[in-house]
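For the sequence shown, our numbering assigns the number 936 to the initial residue and increments by one for each residue that follows.
Read the hints as simulated data drawn from the structure, not as lab findings. A hint or two may mislead.
Stated by the list, open to error - Calculated cross-link-like contacts (lysine-lysine; reagent style BS3-like; alpha-carbon spacing at most 25 Å): (1) K1082 x K1092; (2) K1076 x K1092; (3) K1016 x K993; (4) K1092 x K1077; (5) K981 x K993.
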Amino acid sequence: MLLSLILRFFYIIITLIIIVYVKSVKQFDVGHYLDPFDSHPRLLMKNGHLVLLTGRNKDIVFRSSGSGQIRINGNDLLATKLQSINQELDPINSNTNDIVAQQNSSFDRLVDRKLSIVETRISSRIDELTQRLNDTIIFQKKIFGRKQLFLFYLNQKQVHSHITDQLMSESCP
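Required output: the full structure, derived from the provided sequences and hints.
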């Protein structure tokens, strides 16, 4: 009986030691505190660290009021993020400027080529119209000359006819 009492005592002590050990180990296991059905946040201390646990599927959100800033170790998070974004955008801006300059250059060449074609067509059309105008002027001068010649011959014929009529009227009494 004494032996059974001693065994029970050792069994209880060993069970208590195991329970205390398991609880001390679980105290440092963050996963133990993440109950998947718990939506409440927790603030824990672990080995001198402050651990902020969110509820299931929840975010950690920092908000400042007014012109306040969110700083960690004296660094403004927004300014740091903006600086990082600017550093990422600098090569993109440079590439964009190069691409725009290249596109503008291509566009300028295209416009110059099209303008040259239009200038050539206009110049050719002007030359063609000038030639047609000159041909028309020459044709008008020919017609005018022929008209003058016709009028001269007509006048000569009328004069000749008049003279002939007078001669005929004088000779035929």
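Do the hints match the structure? See the list:
Of the supplied pair hints, the one linking K1082 and K1092 holds, its CA atoms being roughly 15 Å apart against a limit of 25 Å. Taking the CA atoms of K1076 and K1092, the gap is near 24 Å; set against the 25 Å cutoff, the hint holds. Distance hint between K1016 and K993 is fulfilled; the C-alpha atoms sit about 23 Å from each other, no more than 25 Å. Of the supplied pair hints, the one linking K1092 and K1077 holds, its CA atoms being roughly 22 Å apart against a limit of 25 Å.
A C-alpha spacing of about 21 Å is found between K981 and K993, which places the hinted pair at or below 25 Å, so the restraint holds.
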